[in-house]
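Engineer: For reference, the chains in residue letters:
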Amino acid sequence: MDDGAIWSVIVSQMPYLLTGLWIGIKLLAALLAVGLVLGLVIALMEVYGHWSLKVLGILFERVFRGIPAIVLLLLFYYGVGGYVELSSFAAAVLALGLRSTAYQSQIFRGAIQAVPQGQLVAARAMGMSMPRAIGEIVLPQALRHATGPWTNEFSSELKATSLAYVIGVVELTRQAKYIISNTQGNILLIFAVVGLLYFIVNWAGNRVLYRLEDRLAVPGFERRDAA
Amino acid sequence: MSEFVDFALEHLPYILEGLPITLGLWVIAMAIGFCFGLVLAWARIYGGRLAYGAATVYVEVFRGTPMLVQMLFIYLGLPEIGIVLDPFTAAVVAIGLNTSAYQAEYFRGAIRSIPRGQMAAARAMGMSDLEGLRYIVLPQALRRVIPQWSNEAILELKFTSIAFAIGVSEITARAETVGFTTFRFFEVFMIVAIIYFVLTGTVAQLLHWLEIRTRIPGLSQTG
Amino acid sequence: MTSLLEVRDLHKRYGETEVLKGVSLALERGQSKVVMGPSGTGKSTLLRCINHLNPPDAGTVLLDGEELTARNLNAMRQQIGFVFQDFNLFTHLRALDNVRIGPMKILGTDRKEATELAMTELDRVGLADKADSYPAELSGGQQQRVSIARALAMQPKVILFDEPTSALDPELTGEVVSVMKQLASDGMTMLVVSHELGFARSAADEIVFMDGGHIIEQGPPDRLFTAPEHERTRSFLQVIAAHDHEGDGGTA
Numbered sequence: 286m287d288d289g290a291i292w293s294v295i296v297s298q299m300p301y302l303l304t305g306l307w308i309g310i311k312l313l314a315a316l317l318a319v320g321l322v323l324g325l326v327i328a329l330m331e332v333y334g335h336w337s338l339k340v341l342g343i344l345f346e347r348v349f350r351g352i353p354a355i356v357l358l359l360l361f362y363y364g365v366g367g368y369v370e371l372s373s374f375a376a377a378v379l380a381l382g383l384r385s386t387a388y389q390s391q392i393f394r395g396a397i398q399a400v401p402q403g404q405l406v407a408a409r410a411m412g413m414s415m416p417r418a419i420g421e422i423v424l425p426q427a428l429r430h431a432t433g434p435w436t437n438e439f440s441s442e443l444k445a446t447s448l449a450y451v452i453g454v455v456e457l458t459r460q461a462k463y464i465i466s467n468t469q470g471n472i473l474l475i476f477a478v479v480g481l482l483y484f485i486v487n488w489a490g491n492r493v494l495y496r497l498e499d500r501l502a503v504p505g506f507e508r509r510d511a512a
Numbered sequence: 029m030s031e032f033v034d035f036a037l038e039h040l041p042y043i044l045e046g047l048p049i050t051l052g053l054w055v056i057a058m059a060i061g062f063c064f065g066l067v068l069a070w071a072r073i074y075g076g077r078l079a080y081g082a083a084t085v086y087v088e089v090f091r092g093t094p095m096l097v098q099m100l101f102i103y104l105g106l107p108e109i110g111i112v113l114d115p116f117t118a119a120v121v122a123i124g125l126n127t128s129a130y131q132a133e134y135f136r137g138a139i140r141s142i143p144r145g146q147m148a149a150a151r152a153m154g155m156s157d158l159e160g161l162r163y164i165v166l167p168q169a170l171r172r173v174i175p176q177w178s179n180e181a182i183l184e185l186k187f188t189s190i191a192f193a194i195g196v197s198e199i200t201a202r203a204e205t206v207g208f209t210t211f212r213f214f215e216v217f218m219i220v221a222i223i224y225f226v227l228t229g230t231v232a233q234l235l236h237w238l239e240i241r242t243r244i245p246g247l248s249q250t251g
Numbered sequence: 002m003t004s005l006l007e008v009r010d011l012h013k014r015y016g017e018t019e020v021l022k023g024v025s026l027a028l029e030r031g032q033s034k035v036v037m038g039p040s041g042t043g044k045s046t047l048l049r050c051i052n053h054l055n056p057p058d059a060g061t062v063l064l065d066g067e068e069l070t071a072r073n074l075n076a077m078r079q080q081i082g083f084v085f086q087d088f089n090l091f092t093h094l095r096a097l098d099n100v101r102i103g104p105m106k107i108l109g110t111d112r113k114e115a116t117e118l119a120m121t122e123l124d125r126v127g128l129a130d131k132a133d134s135y136p137a138e139l140s141g142g143q144q145q146r147v148s149i150a151r152a153l154a155m156q157p158k159v160i161l162f163d164e165p166t167s168a169l170d171p172e173l174t175g176e177v178v179s180v181m182k183q184l185a186s187d188g189m190t191m192l193v194v195s196h197e198l199g200f201a202r203s204a205a206d207e208i209v210f211m212d213g214g215h216i217i218e219q220g221p222p223d224r225l226f227t228a229p230e231h232e233r234t235r236s237f238l239q240v241i242a243a244h245d246h247e248g249d250g251g252t253a
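Chains as they are written, first to last, in the working numbering: chain A, 286 to 512; chain B, 29 to 251; chain C, 2 to 253.
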């Protein structure tokens, strides 16, 4: 195949691929948001709540981390979808979002526990209420410890969005499959491009998160940790 | 509830027939990942520029792209250049190559975390680099890598479900079949979820025991 | 007669700085020499250059007349023992295994013989009862003694000691120094880099004083301590001696 043919294939199919990519990114944003909010809540529950809440939280984590993403997707789309109207996109957001919650709650739990106890004690000694102390003193510092692992979670979930393929969400991977079925051939090429697109989005996302990590870093602390 | 149990008992045998396939995929892929991962780690630590470069590209590609895409690439794409694999083999190769990239990074980290003095002492005695690696560095590095390796093993066990997408008749695929014949999707996927939950839990426990049994007395586990 | 260990005109530079500026010395069979000098003058570098842990930039090292090159490196190292400042015992192996892994895996000795040899050496350093302990379970002084046993098990022609007591608490140096003295009197050829006066004064055949990457002076301890030729030698040894009397170091 000469260069011209390769290039024309890429150019002609790119709009479809990019549409798929866009859907994938929307899915990613939605599931990460779900995971962030719920994960934070569960983490706080586990660290500051009654021990029964902690047990519930750990149970939740265990369950959603012990089951493959694909099974969760199928369970929600076909299973729950048998009782409730559920679009494939919504099912994907739920399934992957709850799964991400399990991973993120562990990240936030670790981050919160990494903040020295003394910080909270000092805040309370000043007369701050517990919610304010957590919100204004602990969480901002915890965020610093969360960015690293969260970046890994981002990469992991980006790749997980491709699994929504199995329930028919027309994200990047399924879009590629349609193209291949329709255009007969160029399979290696299309998938190579798909891989490249995921790679680029991953790389871009990581860059943004690294910048965020730098901005959140507390001056002086990094050197102390390193020493 | 009893209805669920009846349903489960009726279809469990069929679903569990996929268990050997799931486990087979998993074990073979992990073995490939272990051996190839060690080679890649060696290339990234001790290899010359060519070896280092090739290994790095490999690791970045396989860690930076989705498992499903890799599997489709191998199953659907390779035939274009004459390599036709049946679904099971394609899945094993894909998962194996994928996990080797992750394992390579864990091995590399663990090897590099061994104090330099250990290798210096080995070389000072007259051991070659390979002997030092084999008798002194690797035994310690492999112990350190167990927690991360366990996570990876459990992850890959879950990843075997992706083989469903290219037609391998493992547990998830069979559950889907049962689903489409009985239309009781919720129940059947709950069953599969429970099966995986039990599998991953058991594996996690076993690997935890392994970690405890291989601990070196006196050494703290952090660092 | 060829010396057992001969070092000729070693040069070594790290980046901009030249740490060894043409160092030569010779060690005869059964001799013990102690290299002393201010910090940073290349003493440790000298030892590491001798067995090519850090290959020298120029100069040669000869063991029994045979030159150390990249090609015979492993074989040469098997005849040169090395005791590190940080012990570097293999942390995943018990003491006995640490001592016998060399003979077993490198020299090809069979297990039974290697075990006997290892126990003999452990006994020699006074730690036969700790054979089953892991390094993390031993004190610093015990670890260093095991590391000496490990070097001895290879039955080397010469042993290099790189500041063997510097990482030890003062009360633990004594046990290591007495092992070293015993080795010296048993006729082991030793090249020691150390500040330990106890060994230098009573067991060394010669003291080698190094400063600024050169050997300034070498000679028997008596002479160097009482009537050194160079001012730098004298002032350095004076400081060391004073320090020694203040602390509790240098015990017999």
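These aren't lab readings, by the way, just hints derived from the structure by calculation.
Cβ atoms here follow ideal geometry from the backbone N, Cα and C, with glycine treated the same way.
Be aware that a few hints might be false.
Per label pair, the in silico range of CB-to-CB distance [what the hints assert, rightly or not]:
# : chain 1 : residue 1 : chain 2 : residue 2 : range
1 : C       : A243      : B       : I240      : 48 to 54 Å
2 : B       : V231      : A       : L501      : 34 to 40 Å
3 : C       : H231      : B       : P175      : 55 to 61 Å
4 : B       : R162      : A       : V296      : 37 to 43 Å
Engineer: Of all the hints given earlier, name the ones this structure violates by number, lowest first.
Structural biologist: 4
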